[in-house]
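A.B. asks: Quick mapping for you: the protein sequence lines, in order, are chains A and B. Be aware that the first sequence starts at 20, since it is given in the numbering used here, and climbs by one per residue. Be aware that the second sequence starts at 20, since it is given in the numbering used here, and climbs by one per residue.
If you're looking for bench data, these hints aren't it; they were derived computationally from the structure. Virtual Cβ for every residue (Gly too), placed ideally from N, Cα, C. Treat the hints with care, as some may be off.
Said to hold, decoys possible - Under 8 Å between C-beta atoms, here's a sample of chain B residues computed to sit facing chain A: (1) Val47; (2) Glu135; (3) Lys260; (4) Phe289; (5) Lys349; (6) Pro351; (7) Leu378.
Unchecked claim - Below are the DMTMM-like pairs computed for lysine to aspartate or glutamate, each with C-alpha atoms no more than 20 Å apart in a straight line: (8) A:Lys40 x B:Glu62; (9) A:Lys349 x A:Asp382; (10) B:Lys40 x A:Asp60.
Protein chains: 2
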Amino acid sequence: MSMALETPGLLSLAAGFTDNKTLPVGTVRDAVEALARSSADPETLQYGTNQGRPGLRRLLATKLAALEPTLDPEVLTRGTLVTNGSQQALYLAMQVLCDPGDIVLVDRPSYFVFLEMLAGLGVQARSLPLDDAGRIDGAALRQLLAAMEARGETKRLKAVYFVSYFSNPSARSLDEAEKIAVAEALGERDLIVPVLEDAAYRDLYFRQPYAARSVLSLPAWDAFPKFYLSTLTKSFATGLKVGYGFCSDRAWLEKMLHVKGHHDFGTANFSQAVFETVLANGGFEAQLARIRPAYEVKMRALHGTLLSEGLRDLGWSWPEPTGGIYLWLKTPPALDTSMNAAFCQACVREGVLYVPGDLCFGDEPPRHFARLSFGVLDEAALAVAARRFVTVALRFA
Amino acid sequence: MSMALETPGLLSLAAGFTDNKTLPVGTVRDAVEALARSSADPETLQYGTNQGRPGLRRLLATKLAALEPTLDPEVLTRGTLVTNGSQQALYLAMQVLCDPGDIVLVDRPSYFVFLEMLAGLGVQARSLPLDDAGRIDGAALRQLLAAMEARGETKRLKAVYFVSYFSNPSARSLDEAEKIAVAEALGERDLIVPVLEDAAYRDLYFRQPYAARSVLSLPAWDAFPKFYLSTLTKSFATGLKVGYGFCSDRAWLEKMLHVKGHHDFGTANFSQAVFETVLANGGFEAQLARIRPAYEVKMRALHGTLLSEGLRDLGWSWPEPTGGIYLWLKTPPALDTSMNAAFCQACVREGVLYVPGDLCFGDEPPRHFARLSFGVLDEAALAVAARRFVTVALRFA
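Here chain A stands alone, though its shape is the one from the complex (with noise of 0.2 Å):
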């Protein structure tokens, strides 16, 4: 991947990077001038915590409390670890929770980097049935999960993933009703297992957040080991990489404190103070009000070339987004996008990168979706990649 973005002339809308032009440089510089003036004490360059610095947890605690104001920040702040980004916190996660050959429900399409891990891990995925209109399906996990504890499966299924906030890759966001509806299918059978509920792109809406609270809190969730997780950085400095998490289970927290004392024993406290700073004096939201409509402006450069030049005209279907980075694209009948297909291999003739989305499935990958990126191309960018697309698409019609 990386290799293929220094190819000049390939355009990529594979890769999952943020917008450069409007990355925080001068909110950076600034709090670190202000780390530097005001420490009489530079602690913040010493060695931190294992679990993470407190007055960062407190304001992600107090972040999250006005988004679902039934929570308790005190309790959020004890329940939260810092990590090196939200992958971090999936891989802890993952690691204390599972043994190879152990079995994790996900979101269909799930996040690749984190189906990646599970095989890794040696963990198989099973994906959450979804129904015709593209939505998690209670009657049809219903029948998964009897089937599974038919064949015996149901004790080596530990946990339940989702991003459920303008996905990577599937843009889409879960309803409450949907996230009921799994809680419910899990309880009926007394599979009482930890999920993880990634949020990692909460924050990076358009216009308006999506109404939907947690498995926090969500009362169908209640019995239930919650992990929900997310990112600083995404939204606002990838290269910074500080992710989060509030465990509402003490024994898994303490778990993964264990293991992150053998990984690191502390995410970089510098890194930490600087979104400390930015949290508190504002520059954080800030940054993300200049970015939302950023993003918007660029999901329609590359949404509305695919438009104007017909790709829906092409049999080419996707919704669009009102947050996140991505387009999910699903091809005509009959057209394979996957991996080793030749409409991948004829794209990157053309000079354009896309995620095969076969790579996004836990179990019994179609072979007929695509997620594009309009995160790091700028418009003009995105419109060419757009065009090599369609000509591709045209190619293939």
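Here the structure of chain A is known, so what remains is to put chain B in place on it, guided by the hints.
C.D. replies: Coordinates of chain B only, in the frame set by chain A:
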């Protein structure tokens, strides 16, 4: 530990933290300003690569090749892995080499966080035997390996680990002859196992570098897979948490990169860019030049007060360090300074903490060592802490 540090009046000679007063606040601020000014493309705030910034890897390679001129900077650059502190380098190395029940040879004493990590992975530590002068004993190692082979254990021997410069905890450095003796004893039995040389404190000499080459340029180790690891942050600013390692073995490196891709897909690009800046502009070396004499002064404050208060007269002994941040004390006969001993509890009551030496051994822990750090406290506090320690020692004399 962190709770103890916040207790007023309690002085910690236990924490391996570094000096607060000399932290490079201005150097870091200037580096961030320079990055902000120079970045027409603010890529330092964007995702980096999994292996680490090429420019940083090149600077690290050049730095090591200056100490060991037979090494090829190009080869080193390709073999470098940038990590979340040297701790993650250790973790990745062990994670890909070892399964539960495997055995790793370690120095005696050894770095206790590494030993805890081995325990967490279910891996056994076995000590490299020492002679009466406290140096690695090649003949005794041959006997140990013979005994292990007789017990069928050598097939589970997966690595050798030692801290070779101004070690944590012993402050001692390994001679080339000791390193060579280990390679020869292993080689004689065709035990060509990977070696991890932990050089975290190599830069932290007081007056001159310790004149011993690393395993990377000792011909005795030619046939062995080698991972030489260190950190940029112990000697500069622990809050930035950037470590690195040079791996001589492509297959081993690829495995570590694969797992790092799952942990976090790359150490924070921005922190790496800060180090790239200060290594390139001389700020890193200037900081070392500032702290080396400062640590020597602090060593003298602790060492000198222990001497002037009469600790040696009570039968305690320890070498005077020439680098690092630790004193490694041996008690008089029959005095027990281990974790649960009355001496240790008396020190807490007297308001001084140390690391009980028994925590620092892979096997057969003796109970008559104590690690005292002069890293974090200032000279006045070190003198007070030393007096408290001797007060307790007098009570047990």
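A.B. asks: For this structure, which hints from the list above don't hold up?
C.D. replies: 5, 6 and 7
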